[in-house]
Amino acid sequence: MKILKIEDLSISFGGLKAVDRVSFEVEENSIYGLIGPNGAGKTTIFNCISRFYTPDEGKVLFTSKTGEEINLLDYRVEEVIGKGLARTFQNVELFKMMTVLDNITVGLHREMKGNILFEGFKLPMIKREEEKAKNKAREVMKFLGIDGIENQPAAAQPYGIQKLIELARALVSEPKVIILDEPAAGMNGSETKELAKLITKIRDHYKTTILLVEHDMGLVMDICERICAINFGKKIAEGTPKEIQDNIAVQEAYLGKGDEEDA
Amino acid sequence: MEDSKGTIRKNNRLISNLLKGKPQQYLVVGIIFLLIPIINLWTGMISFSNMTLLNNVVIFAIAALGFNILLGYAGQVSLGHAAFMGMGAYLSAYLTMQLELPFLLSLLLSGLVPMVIGLLLGLVALRLASLYLAIATLGLGVTFQNIFIEWTALTGGHAGLRRIPYPEILGFEIRQREHFLILSIVILVGLAIFSYNFLHSKTGRALIAMRDSEHAAQAMGISLFKYKLYAFALSAFYVGIAGSLYAHLYRYVEPSAWGVELSLNLLAMVVIGGLASIGGSIVGAAFIQLLPRVMQDLPLVGGITNINFILTGVALIVVIIFFPTGLIRRFDFLWNKLKAKVGKLNSKEGGTP
Numbered sequence: 267m268k269i270l271k272i273e274d275l276s277i278s279f280g281g282l283k284a285v286d287r288v289s290f291e292v293e294e295n296s297i298y299g300l301i302g303p304n305g306a307g308k309t310t311i312f313n314c315i316s317r318f319y320t321p322d323e324g325k326v327l328f329t330s331k332t333g334e335e336i337n338l339l340d341y342r343v344e345e346v347i348g349k350g351l352a353r354t355f356q357n358v359e360l361f362k363m364m365t366v367l368d369n370i371t372v373g374l375h376r377e378m379k380g381n382i383l384f385e386g387f388k389l390p391m392i393k394r395e396e397e398k399a400k401n402k403a404r405e406v407m408k409f410l411g412i413d414g415i416e417n418q419p420a421a422a423q424p425y426g427i428q429k430l431i432e433l434a435r436a437l438v439s440e441p442k443v444i445i446l447d448e449p450a451a452g453m454n455g456s457e458t459k460e461l462a463k464l465i466t467k468i469r470d471h472y473k474t475t476i477l478l479v480e481h482d483m484g485l486v487m488d489i490c491e492r493i494c495a496i497n498f499g500k501k502i503a504e505g506t507p508k509e510i511q512d513n514i515a516v517q518e519a520y521l522g523k524g525d526e527e528d529a
Numbered sequence: 076m077e078d079s080k081g082t083i084r085k086n087n088r089l090i091s092n093l094l095k096g097k098p099q100q101y102l103v104v105g106i107i108f109l110l111i112p113i114i115n116l117w118t119g120m121i122s123f124s125n126m127t128l129l130n131n132v133v134i135f136a137i138a139a140l141g142f143n144i145l146l147g148y149a150g151q152v153s154l155g156h157a158a159f160m161g162m163g164a165y166l167s168a169y170l171t172m173q174l175e176l177p178f179l180l181s182l183l184l185s186g187l188v189p190m191v192i193g194l195l196l197g198l199v200a201l202r203l204a205s206l207y208l209a210i211a212t213l214g215l216g217v218t219f220q221n222i223f224i225e226w227t228a229l230t231g232g233h234a235g236l237r238r239i240p241y242p243e244i245l246g247f248e249i250r251q252r253e254h255f256l257i258l259s260i261v262i263l264v265g266l267a268i269f270s271y272n273f274l275h276s277k278t279g280r281a282l283i284a285m286r287d288s289e290h291a292a293q294a295m296g297i298s299l300f301k302y303k304l305y306a307f308a309l310s311a312f313y314v315g316i317a318g319s320l321y322a323h324l325y326r327y328v329e330p331s332a333w334g335v336e337l338s339l340n341l342l343a344m345v346v347i348g349g350l351a352s353i354g355g356s357i358v359g360a361a362f363i364q365l366l367p368r369v370m371q372d373l374p375l376v377g378g379i380t381n382i383n384f385i386l387t388g389v390a391l392i393v394v395i396i397f398f399p400t401g402l403i404r405r406f407d408f409l410w411n412k413l414k415a416k417v418g419k420l421n422s423k424e425g426g427t428p
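Here the protein sequences line up with chains S and A, keeping their order. The number in the numbering used here is simply the position in the first sequence, starting from 1, with 266 added. The number in the numbering used here is simply the position in the second sequence, starting from 1, with 75 added.
If you are wondering where the hints come from, they were derived from the structure by calculation, not from laboratory data. Where is the CB? At the ideal position from N, CA and C, for every residue including glycine. Be aware that one or more of the hints could be misleading.
Sample of chain A residues facing chain S (criterion: CB under 7 Å; computed from the structure) [to be verified]: (1) PHE273; (2) ILE283; (3) ILE297; (4) SER298; (5) GLN371; (6) THR380.
Dumping the calculated DSSO-like pairs for lysine-lysine here, alpha-carbon to alpha-carbon at most 27 Å [as the list claims (entries may be wrong)]: (7) S:LYS388 to A:LYS301; (8) S:LYS379 to A:LYS97; (9) A:LYS419 to S:LYS398; (10) A:LYS301 to S:LYS379.
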């Protein structure tokens with residue numbers, strides 16, 4: 267089943283067409299990659315899907331947690347995670363002054379029912395809910411191998427750990443689809459290999475679908491089942507890693523045209 | 076010998092368990108401070124005017140606590156919160172004088188009505204960000220001060236309202252400053268515990284998340300507008316309660332008390348005491364309220380007219396330069412150092428056979 271269908275997505279910023287009628291479909295429980303050179307519009311597409319931007323045209327059809335197909339464009343940015351789609355950011359966006367555990371617990375915001383009055387009087391219902399949420403957060407930390415730093419401030423963690431904390435925060439609500447914006451940015455070769463394993467492990471353990479934007483070709487070719495390549499806001503190819511590698515248009519986008527080399 | 080050591084250790088554990096949670100600490104500290112008015116009822120060591128000053132500290136601590144939710148936790152600025160304190164004061168005066176409502180009910184309403192008005196104003200003002208929000212709330216504060224002056228039927232205009240009744244709880248009339256201090260400390264401790272609880276739950280996390288990264292907060296399902304409104308309305312509630320207490324303490328309200336100076340004082344209390352800290356709000360309020368008095372009593376310079384206000388300004392600058400994260404964080408630092416030292420001593424003691 268296709269869990270996410272992007273149909274004819276277009277958005278322009280002041281006359282510049284950043285994304286031009288891009289369509290692709292993501293199979294449930296797969297790892298799908300979105301690639302393209304710098305400024306191709308990958309992150310813009312992500313921001314449209316997660317509703318930080320509102321596209322000028324197109325649809326983002328998503329099979330939500332309840333199983334019905336909805337157009338995400340009918341919802342506000344803060345409603346998206348409740349429907350079952352969570353994301354991370356290209357530049358790690360953590361809540362710096364909070365502890366690691368609190369950071370991850372924020373990921374469960376939509377699932378917690380408490381209100382200020384109940385919280386203020388610390389009713390048993392709130393205590394139970396807090397305990398449940400914290401335990402869930404601890405579980406995810408353990409799964410990602412970052413347990414033991416629960417009560418340390420998030421800002422004090424090294425970069426690699428911060429990326430994992432952000433991943434945990436997106437993962438804790440057990441989304442149907444999780445979109446990762448350049449998860450390997452700023453990582454060295456061996457760290458990237460670890461990450462590749464981790465992403466596959468997440469997909470298998472949480473039965474989730476992963477959509478990722480990535481510069482690191484090695485990572486994308488290694489773990490993605492299908493890839494969509496875009497350039498200048500337009501889709502230029504879609505297919506398996508092998509097909510993408512052999513695609514002339516993709517090669518040209520990344521390496522330049524053959525006759526340019528001759529000139 | 077072994078036995079006495081054992082009991083000491085047991086006692087130590089009992090005390091540390093008692094002080095484990097912050098709410099418990101607030102309660103214990105509150106009870107200790109309650110001793111001041113209680114002892115003073117017998118001894119009369121502290122003068123009437125100093126008791127008034129202490130009442131003032133507690134009342135402004137309540138206001139600063141509310142303001143810290145907005146500024147420290149939610150990261151939204153307001154330069155017009157004096158308006159809500161004035162609202163609470165006038166409202167409480169009106170409710171007890173004209174409608175003859177019981178004190179506790181009018182106290183609650185003096186928090187709730189500013190909260191609702193804050194909610195409505197926030198609907199407009201919170202569409203603005205940072206500096207624009209500051210200017211808008213500044214205008215709001217000035218507008219309300221003028222309303223207090225002009226709406227003479229309700230506020231008595233420049234002359235103000237006099238002879239506001241003493242607070243009465245269950246037939247007991249609170250006439251003495253000592254009794255009033257007990258009341259205000261109980262309210263402060265109650266509100267501090269209430270704040271601590273919700274600030275360490277979903278709501279508090281959402282507020283801090285919004286302050287630290289708006290994008291990430293949105294992606295995690297936090298509605299920025301909703302939580303900005305929450306923070307604005309909640310702070311208006313606390314500040315309104317403080318206003319009501321103020322009116323009943325002095326039994327007199329007049330418009331000049333609710334000007335920009337008060338809004339800026341609230342800001343100073345929170346920044347000096349410590350942003351996003353409940354204890355910091357209280358320390359900051361005490362600092363701003365007590366400093367002029369302390370300066371006044373200094374030898375030589377204290378005698379010069381108005382020198383205390385100048386020195387207060389100097390002290391503010393000194394605090395901001397040397398303790399930019401607030402006085403409370405300095406206390407915490409020293410306290411942790413002390414604890415580490417005591418811990419070391421204890422472990423040494425345990426190590427000897």
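Hints and how they fare:
| no. | hint | result |
| --- | --- | --- |
| 1 | PHE273 | holds, 4 Å |
| 2 | ILE283 | holds, 6 Å |
| 3 | ILE297 | holds, 6 Å |
| 4 | SER298 | holds, 5 Å |
| 5 | GLN371 | violated, 38 Å |
| 6 | THR380 | violated, 44 Å |
| 7 | S:LYS388 to A:LYS301 | holds, 22 Å |
| 8 | S:LYS379 to A:LYS97 | holds, 24 Å |
| 9 | A:LYS419 to S:LYS398 | violated, 36 Å |
| 10 | A:LYS301 to S:LYS379 | holds, 15 Å |
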